[in-house]
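Just so you know, the sequences run in chain order A and B. At position 7 of the first sequence (counting the first as 1) the number is 7 in the numbering used here, and the numbers step up by one without a gap. At position 187 of the second sequence (counting the first as 1) the number is 187 in the numbering used here, and the numbers step up by one without a gap.
You may find that some hints are simply not true.
Have a look at the derived ranges for each label pair, beta carbon to beta carbon [to be verified]:
no., chain 1, residue 1, chain 2, residue 2, range
1, A, Pro-80, B, Thr-67, 51 to 59 Å
2, A, Gly-209, B, Ala-39, 17 to 25 Å
3, A, Gly-182, B, Val-190, 48 to 56 Å
4, B, Glu-191, A, Val-201, 28 to 36 Å
Keep in mind that the hints were calculated from the coordinates and are not lab data. Quick caveat, the model's predicted, so the values are computed rather than measured. Quick reminder that beta carbons are idealized off the backbone N, C-alpha and C, glycines included.
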Amino acid sequence: MFQQAGGSGLTVRSFQNLILVNQMGERFWNEMDNSYAFLSACLGTNGNLGRDGKANGGGPIWAIFDSAAVVREKWNPKPPNVDLNGWFFSADTIADLAGNIKNPYQRRPIPAGVLEQTVNKYNGFVDAGKDSEFGKPGPMYIIQKPPFYAAWSPPILHDTLTGLKINTKCQVIERNNQVIPGLYACGESAGGFALHGLPRVTVFGRVAGREAASANAS
Amino acid sequence: MPPKDVEAGEHRTSIAVWDLVSPLLIGRTAKVKVGARCAAGCQLTDHGVEIHDAAGKTIARGGLGGTPWPGTSGLYWADVEFPAPAEAGKHTFSVTSEHGGAHSEFSFVAVKSPDHSLTIQVHDKTTKETIADVEVRLGVYRSITDARGLATVDVPKGSYALTVWKLGYELFSTELSVDDTTTIEVEIAVEPEPEQPYWM
Numbered sequence: 001m002f003q004q005a006g007g008s009g010l011t012v013r014s015f016q017n018l019i020l021v022n023q024m025g026e027r028f029w030n031e032m033d034n035s036y037a038f039l040s041a042c043l044g045t046n047g048n049l050g051r052d053g054k055a056n057g058g059g060p061i062w063a064i065f066d067s068a069a070v071v072r073e074k075w076n077p078k079p080p081n082v083d084l085n086g087w088f089f090s091a092d093t094i095a096d097l098a099g100n101i102k103n104p105y106q107r108r109p110i111p112a113g114v115l116e117q118t119v120n121k122y123n124g125f126v127d128a129g130k131d132s133e134f135g136k137p138g139p140m141y142i143i144q145k146p147p148f149y150a151a152w153s154p155p156i157l158h159d160t161l162t163g164l165k166i167n168t169k170c171q172v173i174e175r176n177n178q179v180i181p182g183l184y185a186c187g188e189s190a191g192g193f194a195l196h197g198l199p200r201v202t203v204f205g206r207v208a209g210r211e212a213a214s215a216n217a218s
Numbered sequence: 001m002p003p004k005d006v007e008a009g010e011h012r013t014s015i016a017v018w019d020l021v022s023p024l025l026i027g028r029t030a031k032v033k034v035g036a037r038c039a040a041g042c043q044l045t046d047h048g049v050e051i052h053d054a055a056g057k058t059i060a061r062g063g064l065g066g067t068p069w070p071g072t073s074g075l076y077w078a079d080v081e082f083p084a085p086a087e088a089g090k091h092t093f094s095v096t097s098e099h100g101g102a103h104s105e106f107s108f109v110a111v112k113s114p115d116h117s118l119t120i121q122v123h124d125k126t127t128k129e130t131i132a133d134v135e136v137r138l139g140v141y142r143s144i145t146d147a148r149g150l151a152t153v154d155v156p157k158g159s160y161a162l163t164v165w166k167l168g169y170e171l172f173s174t175e176l177s178v179d180d181t182t183t184i185e186v187e188i189a190v191e192p193e194p195e196q197p198y199w200m
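Construct the entire structure; sequences and hints are all you get.
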């Protein structure tokens with residue numbers, strides 16, 4: 001599974017330093033928005049609705065930025081900091097960058113003219129001091145200085161909020177609400193607890209381990 | 001010269017335009033860097049690039065230099081000067097390269113010559129210390145604070161949206177009128193930690 005879960009490997013200090021484009025090479029939302037509206041936009045059809053009769057929910061999202069942004073963010077966009085195996089690309093021009101983006105989830109190449117137009121339009125918003133398309137507050141930096149970069153940027157799936165049913169001892173419960181002897185689940189493999197991340201993993205991992213050890217001892 | 005085994009149709013060339021400082025002053029000469037790259041890997045030294053105005057008229061020419069732009073695989077470039085338009089507003093010009101027949105566009109804003117200076121002194125709202133490297137926008141005009149937290153923006157008389165921002169600080173914005181050369185003080189607040197509805 002993990003070889004398919006690539007990433008750019010870069011941490012963003014400010015989304016003023018980049019734009020996000022969908023699989024068609026178009027911006028689709030205010031990059032500074034950290035609300036669920038942004039997440040919804042990321043999970044939208046992203047320009048593919050109705051094409052070939054398929055509504056591709058989501059699709060790749062690419063962060064587009066230039067070498068000036070690399071300096072501002074203090075990035076070193078070279079391996080091992082970035083994954084060049086389909087998740088991070090660079091080029092001398094925006095048109096070439098569009099052509100270089102090759103990823104298993106990018107069903108068609110991004111049209112060079114579309115990405116150029118997207119960047120030019122955004123640069124116009126920066127010059128004007130106002131993003132009249134998506135309302136990014138005070139767009140600061142134009143994207144113009146080569147080389148140019150594209151980094152894989154869809155939202156990260158933290159957890160599924162589902163999994164095997166367990167009791168307070170982390171014992172797995174089958175469909176008739178009976179304990180399955182000797183089977184324990186915790187962390188992301190267990191359901192019924194609307195919290196994710198390390199606290200869930202460590203707390204329930206400890207409970208499961210303790211109970212399994214205790215049952216084994218007896 | 002192009003590599004010998006490359007067909008003519010493979011000389012797909014693309015263009016980048018950078019280091020253009022918008023806004024441009026009406027009637028002045030502007031300078032921009034224009035680069036071209038051939039997909040076939042041609043060395044483009046002395047190949048011509050042209051800038052055309054919105055009507056398609058060629059207003060500037062340049063010859064590409066002998067060394068690719070640092071960090072690129074083969075972007076040959078030139079400094080090109082061109083006359084700024086006579087009318088204020090947003091303009092879109094085009095660039096073409098002799099090699100490969102590439103075409104691209106760039107936009108900018110042209111403005112009248114400024115007659116006033118607005119100096120902005122930026123402080124941290126809590127510590128009251130001055131802040132360097134703060135981005136200052138006054139309408140289409142831009143500047144950045146120096147080590148003393150000062151930025152000066154030359155503008156014509158008028159009303160403007162002032163935006164002040166630095167990474168790690170909240171965006172400050174207000175409306176103001178400039179009718180004289182003056183100095184204003186702005187305080188910006190450190191950005192609070194983002195609220196997370198879930199543990200990350």
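We went through each hint and held it up to the structure:
no.: 1; hint: A:Pro-80 <-> B:Thr-67: 51 to 59 Å; verdict: violated, 29 Å
no.: 2; hint: A:Gly-209 <-> B:Ala-39: 17 to 25 Å; verdict: violated, 58 Å
no.: 3; hint: A:Gly-182 <-> B:Val-190: 48 to 56 Å; verdict: holds, 53 Å
no.: 4; hint: B:Glu-191 <-> A:Val-201: 28 to 36 Å; verdict: holds, 30 Å
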